[in-house]
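Novice: Letter by letter, the chains look like this.
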Amino acid sequence: MFEGVSVTIVVNGKAMDVPDGLSIDELLTRLGVKREFTAVAVNRDVTPKSGYASTRLADGDKIEIVRPMGGG
Amino acid sequence: MHDTNLVLGGKEFSSRLIVGTGKYSSNEIMREAHEESGAQIVTVAVRRVSLPGRGDSILDHIDTTRYTLLPNTAGCYTADEAVRTAYLAREAGLGEMVKLEVIGDARTLFPDVHGLLEATRTLARDGFVVMPYTNDDPVIAKRLEEAGAACVMPLGAPIGSGLGIRNPYNIKIILESVSVPVIVDAGVGTASDAAIAMELGCDGVLMNTAIAGAGDPAAMARAMRLAVEAGRLAYRAGRISKKLYATASSPLEGVPDWTS
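Residue numbers (this note's numbering), protein chains in the order written: chain D, 1 to 72; chain V, 1 to 260.
Just so you know, not all the hints are guaranteed correct.
To be verified - Facing chain D, according to a computed beta carbon distance under 8 Å, are these residues of chain V, among others: (1) V44; (2) L51; (3) L94; (4) A234; (5) A237.
As the list claims (entries may be wrong) - 20 Å max Cα-Cα, derived EDC-like pairs, lysine to aspartate or glutamate: (6) V:K142 - V:D112; (7) V:K11 - V:E96; (8) D:K62 - V:E81; (9) D:K49 - V:D126; (10) V:K11 - V:D112; (11) D:K49 - V:E91; (12) D:K49 - D:E26; (13) D:K34 - D:D59; (14) D:K34 - V:D56; (15) V:K172 - V:E118; (16) D:K14 - D:D61; (17) D:K34 - V:E91; (18) V:K23 - V:E81; (19) V:K23 - V:D3; (20) D:K62 - D:D20; (21) D:K14 - D:E26; (22) D:K34 - V:D63; (23) D:K49 - D:D61; (24) D:K62 - V:D56; (25) D:K34 - V:D112; (26) V:K11 - V:E32; (27) D:K14 - D:D25; (28) V:K23 - V:D56; (29) D:K14 - D:D45; (30) V:K11 - V:D63; (31) D:K49 - D:E36; (32) D:K14 - D:D59; (33) D:K62 - V:D80; (34) V:K11 - V:E118; (35) D:K49 - V:E146.
Please keep in mind that the hints were generated in silico from the structure rather than gathered at the bench.
Heads up, the beta-carbon is just placed ideally off N, CA and C, and yes, glycines get one too.
Construct the entire structure; sequences and hints are all you get.
Specialist: Structure follows, in structure tokens:
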């Protein structure tokens, strides 16, 4: 692994190219997503907020970023 | 007449009306409706953020110091999806309560009770306050209680249908079958439907469309608040029994004689 390599991940159903080894923290910043009342799952498993900095994303990872919306 | 509070997961609520946050034409109208409803619990859905992230959040329009959030698992068709959605909600900081929905059919939105039981068991074990949306089957209600549900929430009629309490007798049997609170969830169309649920002895009513879809949501929210309070009071007051023939309310003695 070296600097400049990009991988393809799927975020909320959309494929995107990001640098290899990007953390969740960095991904959220890149996407302009607020941390408050937001949750993230990587490959179906929920990532605790405490793991945002240390979780590195790899090629093919599927990420769901959610927040509360109007509902009944 | 002093009433007890509705207790869910150790938390006490003096309001027995739970309202939604969906389908409002504006956040301002939603806020007014919430105010008029007197509700202390509001439901929210958990959905993907739009990307790139935008500033506005539904929680900018809900005072979370006043309202307890009740995230739902709407849109989930398996126990696994519902459980994962509940975990997401908890991690997002929406609390331990979950309005558990495991849907079995897209047209009726009737619950898949097998999946519902499985998800209830899993989430109750993991410390959630599980509030399952179920059908009006007393046997399933009992099984949900045994699985660790904090309450049972039978539908009055299909979600968003406004058909009212279609099987009050089953709701009555559910009330006799379980010891956890019974909250009618879904089907309410107008104030009398909410009053009927409460007159049956239900512990609360949950609704979204009936208020959000009304011509004047704030006015309907107030009507629902009054209906829930009136129905509850009538239930506790103890209604008269029904009789086929009349019983005079005025004395039969002392009627003037007008015969000539």
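Novice: Does the alpha-carbon distance linking K34 of chain D and E91 of chain V stay inside the 20 Å limit?
Specialist: The hint holds at about 14 Å.
Novice: Would the hint linking K11 of chain V and E118 of chain V be met if the CA-CA limit is 20 Å?
Specialist: It is violated: about 25 Å lies between the C-alpha atoms, which goes past 20 Å.
Novice: Given the hinted pair K49 of chain D and D61 of chain D, is their Cα-Cα distance within 20 Å?
Specialist: Roughly 18 Å separates the two Cα atoms, so the pair holds.
Novice: With a cut-off of 20 Å on the C-alpha distance, tell me whether K11 of chain V and D63 of chain V pass.
Specialist: Distance ~18 Å between K11 of chain V and D63 of chain V Cα, so the pair holds.
Novice: Does D25 of chain D lie within 20 Å of K14 of chain D when you go C-alpha to C-alpha?
Specialist: Distance of about 18 Å is within 20 Å: holds.
Novice: Against the 20 Å threshold, does the CA-CA distance of K34 of chain D and D63 of chain V hold or violate the hint?
Specialist: Holds, at roughly 18 Å.
Novice: Quick one, are K49 of chain D and E91 of chain V close enough, alpha carbons at most 20 Å?
Specialist: holds, 8 Å
Novice: Would the hint linking K49 of chain D and D126 of chain V be met if the CA-CA limit is 20 Å?
Specialist: Satisfied, since the Cα-Cα distance of roughly 18 Å is no more than 20 Å.
Novice: With the threshold set at 20 Å, check whether the alpha-carbon distance from K62 of chain D to D20 of chain D stays at or below it.
Specialist: The given pair, whose Cα atoms are some 14 Å apart, holds under the 20 Å limit.
Novice: Is it true that the CA of K34 of chain D sits at most 20 Å from the CA of D56 of chain V?
Specialist: Holds, at roughly 10 Å.
Novice: So if I understand the rule, the pair passes when the alpha-carbon distance is 20 Å or less; does K34 of chain D with D112 of chain V pass?
Specialist: Violated: K34 of chain D and D112 of chain V sit about 35 Å apart, past 20 Å.
Novice: Grab the minimum C-beta distance from V44 of chain V to chain D and call the hint holds if it beats 8 Å, violated otherwise.
Specialist: Cβ of V44 of chain V sits 4 Å from chain D, so the hint holds.
When the structure is compared with the earlier hints, violations turn up for hints 4, 5, 10, 13, 15, 18, 19, 24, 25, 26, 34 and 35 and for no others.
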